[in-house]
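S.K.: Residue-level listing of the chains:
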Amino acid sequence: MKRTLNGWTGAALAACLLLTLSCAPADTGTKAASSYAEDRAQIEDLQARYLFALDSSDLDTYVSTFTEDGVLDIIAYQAKGRAEIRKKIEEAQNVFDPTAEAVQGSYAPTGRHNITNIVIQVDGDRAVGKAYWFHYGNNNPERKAQIDSYGHYEDEMVKVDGQWLFSKRVIYNEQVADWISPGGNPKAW
Amino acid sequence: MKRTLNGWTGAALAACLLLTLSCAPADTGTKAASSYAEDRAQIEDLQARYLFALDSSDLDTYVSTFTEDGVLDIIAYQAKGRAEIRKKIEEAQNVFDPTAEAVQGSYAPTGRHNITNIVIQVDGDRAVGKAYWFHYGNNNPERKAQIDSYGHYEDEMVKVDGQWLFSKRVIYNEQVADWISPGGNPKAW
Amino acid sequence: MKRTLNGWTGAALAACLLLTLSCAPADTGTKAASSYAEDRAQIEDLQARYLFALDSSDLDTYVSTFTEDGVLDIIAYQAKGRAEIRKKIEEAQNVFDPTAEAVQGSYAPTGRHNITNIVIQVDGDRAVGKAYWFHYGNNNPERKAQIDSYGHYEDEMVKVDGQWLFSKRVIYNEQVADWISPGGNPKAW
Numbered sequence: 120m121k122r123t124l125n126g127w128t129g130a131a132l133a134a135c136l137l138l139t140l141s142c143a144p145a146d147t148g149t150k151a152a153s154s155y156a157e158d159r160a161q162i163e164d165l166q167a168r169y170l171f172a173l174d175s176s177d178l179d180t181y182v183s184t185f186t187e188d189g190v191l192d193i194i195a196y197q198a199k200g201r202a203e204i205r206k207k208i209e210e211a212q213n214v215f216d217p218t219a220e221a222v223q224g225s226y227a228p229t230g231r232h233n234i235t236n237i238v239i240q241v242d243g244d245r246a247v248g249k250a251y252w253f254h255y256g257n258n259n260p261e262r263k264a265q266i267d268s269y270g271h272y273e274d275e276m277v278k279v280d281g282q283w284l285f286s287k288r289v290i291y292n293e294q295v296a297d298w299i300s301p302g303g304n305p306k307a308w
Numbered sequence: 120m121k122r123t124l125n126g127w128t129g130a131a132l133a134a135c136l137l138l139t140l141s142c143a144p145a146d147t148g149t150k151a152a153s154s155y156a157e158d159r160a161q162i163e164d165l166q167a168r169y170l171f172a173l174d175s176s177d178l179d180t181y182v183s184t185f186t187e188d189g190v191l192d193i194i195a196y197q198a199k200g201r202a203e204i205r206k207k208i209e210e211a212q213n214v215f216d217p218t219a220e221a222v223q224g225s226y227a228p229t230g231r232h233n234i235t236n237i238v239i240q241v242d243g244d245r246a247v248g249k250a251y252w253f254h255y256g257n258n259n260p261e262r263k264a265q266i267d268s269y270g271h272y273e274d275e276m277v278k279v280d281g282q283w284l285f286s287k288r289v290i291y292n293e294q295v296a297d298w299i300s301p302g303g304n305p306k307a308w
Numbered sequence: 120m121k122r123t124l125n126g127w128t129g130a131a132l133a134a135c136l137l138l139t140l141s142c143a144p145a146d147t148g149t150k151a152a153s154s155y156a157e158d159r160a161q162i163e164d165l166q167a168r169y170l171f172a173l174d175s176s177d178l179d180t181y182v183s184t185f186t187e188d189g190v191l192d193i194i195a196y197q198a199k200g201r202a203e204i205r206k207k208i209e210e211a212q213n214v215f216d217p218t219a220e221a222v223q224g225s226y227a228p229t230g231r232h233n234i235t236n237i238v239i240q241v242d243g244d245r246a247v248g249k250a251y252w253f254h255y256g257n258n259n260p261e262r263k264a265q266i267d268s269y270g271h272y273e274d275e276m277v278k279v280d281g282q283w284l285f286s287k288r289v290i291y292n293e294q295v296a297d298w299i300s301p302g303g304n305p306k307a308w
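Residue numbers (this note's numbering), protein chains in the order written: chain P, 120 to 308; chain C, 120 to 308; chain H, 120 to 308.
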């Protein structure tokens, strides 16, 4: 059941289903009780929590946005599973956070990844998506805001126990020759 | 029926409607089966697909985000209908993609339009909206990320066969004197 | 009732409730008729309307995004209630809009705040959230687009008469030493 455009059908059916069951309260997040808007809302929240965790080096939260066997693919390498993803992020912190390099200036600099232009296609408990990311920071003596890199994501997501998680995230970066997008309109599906 | 704040009413009524029909499976995307969240989710996806298509010069996809008689208004000119919109975009590629000009540096530069601050108001099968856009790129010898322009959109959208499309998009740009916003809080409705 | 992941349960129950009431049309935005997606969609729209109002100095609209006794906390000061919030914004316009300072160049410059990475958690008629903001403008002789500041929001929201409003917004800014985030992954709840 594709839910990009006619997602409400499933929602209405879910309501029917619950009614058949005498309107019994169901607090278990049944699979049927969904819609494109619900799935997209939860995935957008996942996308945002992922970036807050990354930028604040909250690696427990960061790896928890992936499935147990999730894949992080940043072209230069692929990491599979939460333990390996955590290890790679720790090793390559400066890839994700340029401000992790030498600190200049009076107070601690920060760096922030942002996501925009989120495209999501849902098919039952699976979803695919693409989006833009860009990064700015202030690791300079004046703490001046500066955009420094950008690229895009190609994502695969799975709903596990009612919660959307990344099963695969591929990251492209237009600031590094070996890491740029192959070009064309990305389509991970 | 306005659906900005009390959109759920329509949703619940839709469920009722389906129940009156004995809960018959309805896979046809009935108009009633909607809500503000569903409409907004689909429109946000449209907005994102529009920009991926524009930045990758995927003009087939780009023009398909407009209705057959849709209008693209970038103040300097207005184009009506998919064929004319395509022609104008082809002619003025560098207006939308500054990196289409002379290429410097070692590998192909890219440029990316981003959308933020999306306001959407839905009234049945019609919607109006406004949002910010900004563009960054790396068309310089160092492939350094640089923001280079920004403005805002004023949009009109229509739901055609269950799919939201742009019936009119007006684009303002704060980097060109003749193209700037008239000022004030934009209200396309 | 938390609605981050299993929001549909409430929605289905709401449908049941309406059915118990003989499917009587209810156009009053009953509290029960909601879901995570509906709440999030309305809050995202609120977030966007807040920024359009701020950047266009539409202070009537700006203060109307807060509850009557809402709090705006920008660390340097806290304002409580719409009248006080309006007064503070008027006094400190250049804090929110750097372009309100000396104007250079041929036509009026503009400045724009953008929101990204929106995390929202809903519990009935109350919600908490966090998000990134960044600002760019063109207050320079060439009207060149330049990012100049960024930070994050920590928000508390309340649904009043079916409409989500800010009951508290805390703003951090990474460009001013006394105004920066305390660090770590922000959690306003």
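Check the hints yourself; a few may be wrong.
Note that the list lumps identical chains together, so a pair holds whenever it fits in one copy or between two copies.
To be verified - With a Cα cut of at most 16 Å, we get these calculated EDC-like pairs of lysine to aspartate or glutamate: (1) LYS207 <-> GLU261; (2) LYS278 <-> ASP267; (3) LYS206 <-> ASP177; (4) LYS306 <-> ASP179; (5) LYS278 <-> GLU203; (6) LYS306 <-> ASP177; (7) LYS263 <-> GLU203; (8) LYS207 <-> ASP177; (9) LYS263 <-> ASP177; (10) LYS207 <-> ASP280; (11) LYS278 <-> GLU187.
Keep in mind that the hints were calculated from the coordinates and are not lab data.
S.K.: Each hint: holds or not?
M.R.: Structure-based check of each hint:
1. LYS207 <-> GLU261: neither (31 Å within a copy, 27 Å between copies)
2. LYS278 <-> ASP267: neither (33 Å within a copy, 39 Å between copies)
3. LYS206 <-> ASP177: Answer is within: at 13 Å inside a copy they meet the 16 Å cutoff, but 38 Å across does not.
4. LYS306 <-> ASP179: So LYS306 and ASP179 pass the 16 Å test across copies only (14 Å; inside, 30 Å).
5. LYS278 <-> GLU203: Neither way: LYS278 and GLU203 sit 21 Å apart in one copy and 42 Å across, limit 16 Å.
6. LYS306 <-> ASP177: between (30 Å within a copy, 12 Å between copies)
7. LYS263 <-> GLU203: neither (35 Å within a copy, 31 Å between copies)
8. LYS207 <-> ASP177: within (14 Å within a copy, 35 Å between copies)
9. LYS263 <-> ASP177: neither (25 Å within a copy, 28 Å between copies)
10. LYS207 <-> ASP280: neither (27 Å within a copy, 46 Å between copies)
11. LYS278 <-> GLU187: Within one copy only: 12 Å inside, 36 Å across.
Checked against the numbered hints given earlier, the structure breaks hints 1, 2, 5, 7, 9 and 10 and satisfies all the rest.
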